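Modelling step: build the complete structure from the supplied sequences, incorporating the hints.
Listed here are the chains, written in short residue letters.
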Amino acid sequence: MDPGVSSAQRHVLTYMEDAVCQLLENKEDISQYGIARFFTEYFNSVCQGTHILFREFSFIQATPHNRASFLRAFWRCFRTVGKNGDLLTMKEYHCLLQLLCPDFPLELTQKAARIVLMDDAMDCLMSFSDFLFAFQIQFYYSEFLESVAAIYQDLLSGKNPNTVIVPTSSSGQHRQRPALGEASMLEGVEASLFYQCLENLCDRHKYSCPPPALVKEVLSNVQRLTFYGFLVALSKHHGINQALGALPDKGDLMHDPAMDEELERLLAQVPGLVNSVTASSEASCLPSRTPPRVGSPWRPLHHARKVDAESDGSTEETDESET
Amino acid sequence: MIPGKYRSVSGRATNNVNCGLHLVIQTSSLPEKNKVEFKLHKETPSFPGRLLQHDLERNYSSRQGDHINLVSSSMPSFPILQRSSEEKILYSDRLTLERQKLTVCPIIDGEEHLRLLNFQHNFITRIQNISNLQRLIFLDLYDNQIEEISGLSTLRSLRVLLLGKNRIKKISNLENLKSLDVLDLHGNQISKIENVSHLCDLRVLNLARNLLSHVDNLNGLDSLTELNLRHNQITFVRDVDNLPCLQRLFLSFNNISTFESVCCLADSTSLSDITFDGNPIAQESWYKHTILQNMMQLRQLDMKRITEEERRMASVIAKKEEEKKRESQKQSLLKEKKRLTINNVARKWDLQQHRVTSIAANQDRKDSDSPSQDPCQVDGSTISAFPEETGSLDSALSNALQGLSVTDTHLVEVDGDTLSLYGSGALESLDRNWSVQTAGMVTTVSFTFIEFDEIVQVLPKLKIKFPNSLHLKFKETNLVMLQQFNALAQLRRIDQLTIDPQGNPVVSFTLWKYYVLFRLSHFSMQKINGTEVTQNDMIMAERLFGILAHVASSELPQYRLISILGDARKKQFRYLLETKGKKPGVVSEENNDSKRLVGENTNRATLNYTTRDFYNEKLEEIKEKKKFCKMYIEDLVKEATEINMKNEALQKLWPQMFIELVRDAVIEIRNKSSYMKLCLQQITDQK
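So the protein sequences, as listed, match chains A and B.
Read left to right, the first sequence gives residues 1 to 323 (full-length UniProt numbering).
Read left to right, the second sequence gives residues 1 to 687 (full-length UniProt numbering).
No wet-lab data here; the hints were simulated from the structure.
Accuracy of the hints is not assured; some may be wrong.
As the list claims (entries may be wrong) - Calculated lysine-lysine pairs in the DSSO-like style (CA-CA distance at most 27 Å, straight line):
| hint | chain 1 | residue 1 | chain 2 | residue 2 |
| --- | --- | --- | --- | --- |
| 1 | A | Lys27 | B | Lys178 |
| 2 | A | Lys27 | B | Lys638 |
| 3 | A | Lys27 | B | Lys623 |
| 4 | B | Lys627 | A | Lys27 |
| 5 | A | Lys27 | B | Lys192 |
| 6 | B | Lys625 | B | Lys646 |
| 7 | B | Lys178 | B | Lys192 |
| 8 | A | Lys83 | B | Lys513 |
Stated by the list, open to error - What the simulated footprint calls covered on chain B by chain A, stretch by stretch (three residues with Cβ under 8 Å from a Cβ of chain A suffice, anywhere in the stretch; the number is not a length):
| hint | segment |
| --- | --- |
| 9 | 205 to 217 |
| 10 | 649 to 659 |
Just so you know, these numbers come straight off a predicted model, no measurement behind them.
Every residue, glycine too, gets a C-beta built ideally from N, C-alpha and C.
If you want it as structure tokens, here you go:
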């Protein structure tokens, strides 16, 4: 591979590889309606961010765009859970993640939960927004965070990977030692020192990092901070969220008018609401079964609904379902 | 009528029974009939056959006492008895001293041939002074105050000994009375039958109204025909089968409550007459026929003849009871076996669950020699995350498994409308040929101690073999993810779902019920874990997960939809497409089925569940393809870059090349005539 190829280009290749792979897997089905159409659909879905639905974890993790799309999909699908106000455990959130990605690893969810709970009791309940933002940081920047953790440990134990020790000048070493003494007595590490290391990290590494300016902003507010304190600050920072571009601002987290509209439409089709007259007469019993929907997956949903509207009125169908 | 001359003075006046006092009693000749009260025959020494105990019990008040002379003796305490010689000759062998207010036995002189002696109704406390009467056959001490049997050791001919209504506490000192025929000890305080084993001629033994609590020690009484044990506190009877001649046994008014406590009676072939009235056993419903059935030799029960009809009834009832007992025994055996099997399955299941814990723990601890107690540690909490490692068994664990005595590894039970499966081996039973009737009756299927992933694989079979199953129950099946409920969508219909919290961590999630309702909404389930599903529940489920369904269906690209839905459903869709041509009125069973299958909310159909193993398999398969694709793309990229490079190079070089081309052309055409010649030359060469 040409070393000159940039990361963006590399990701395009990832998608091409994946596209070809998908083609291979489903060649009988796809050959029916044309390869060109397949590629069109594929790259369209990549643009829309729906390509990661129900895919394996290795694919979802492969590119930053995939990660961001996944985060967005998770938010859209389960926003209603958050809106409902339920507080869930880490395991339950993991379950929800698994609904979208069957082999999503537990460790990631655990790490995300640790950010929210500040490494405290892991069985605690978390709110949707807390978890989502922490998860975003953990998932999108996983490699970055790993390196940060290593740096933090180093700093805690006194080793500063940044300092260039010049043997001749003793002043650098002298300045080093008091810092060490401070670090051991107080919690966490010194913010400015930490930032210097992070800056270097961002320059050196090829995977995605949060914009250094924003990181500086986060670190400038405090004198010292712990690892999880840092992560929490990252997760709550609006700027970083916007830079990522996957999720809306915290205040708008529960708003998605398009989806809400869709939801209302779906709710209207819940069995019983249509036959509300008959349902009310039998107090606690469930109404008769839904007339079966005669839609095929190829037809868009609204066609199927039209069919339903027809069958709702017919007594024939209701009689059938009564038996 | 007693002639005045012989009237008894003993009556009231001079009844001073103090020692030393004179007591003058005159014998009288009694009318004949009174003489034979106790049916003694002078001639025959042996006793007549029947001596009813009633007669003995009653005080045979007959003569008012012989008139006897009792003179004071040299011994201070004992009066001496003397009879007139007339009387001695008349009644040479019998002597009656009843109601004489005697407190001691008087010394009886000169009556060595006496055979019958009657001391009834006195106040005698000790049997004494009769050792010289060695011919005595009949001794009656009824209604006295005797506390101990004694003083009889010389009376070797004694046949009848009547000691009723005394204060005797213990049967003793009867060793020499080997000819004893009748022994009456009723109305005493005897608590134990003992010291009678040598009385091999004894025919009647009366121990009524004593303090006996049980009956045993009856060996040796080889002639005993009648045993009266009425009015005691007997709770059990033993050794009666050692009495070869026993015909009548009276156990009225005791404390017998079960037949087992008198079961030895069944082995006694001689018994013909028995009474149990007044015992708790007589109040039982099974009393009569149990006795009759177990004692076929009986002729009379509770003083009533046993008729043939009664016997027949008894045997019929007894047979029925036997049947019932056998049935219930079989049932309890079956239950026990079931319980054991279920316990075994549970143990295996626990081991299986903890095996993963122990392996994981071992890897954590990096212990080289795994301690043998690992399998036995009970964590209490099973793993909620999917077990990552499936490695080989620990050596300690395999030892533990071998130590288990596994009677059965699984259990399948059909109980009316419920099919219960315990243990993963039970799933194979779904392949069995179930009769249509049995299979049709099953409405509830219960899975216990089986991994849910294994159950998922047999759900199609379940659908076919048990079409009427409406209620599914899961306990200890390792349901850990909401996704697993997706697998239930392939069934025909579910009305009720019961997920037992034990062994199913998914129940601890807040949202699990709503997810089930959402995913399986096409079943219109009525109950989950016993609680009715309300309209609000359905709405909430839709509200929580409706968008997921929408995203899963409308936002997936077409090719993904199809590949996820898979081959089976494609066939269904094709069938549906074909049936569209049929008349709308035709409603066949198949049509309904496929309609229902397809009728599942198609926007949810993409939410599937593949078991962990299958998923990993699939991923493995894809790896090859991915590698190939990667290489292919790389080649393409290389090609493209090469072409690109060539293109760029061409771009760079093209101006120069173009200029050279033009220059060459211009140079060529410089000399018109030579150019023309050259061209012509080229043309002719070509030809």
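query = Hint by hint, which ones does this structure get wrong, listed from lowest number up?
reply = 1, 5, 6, 9 and 10
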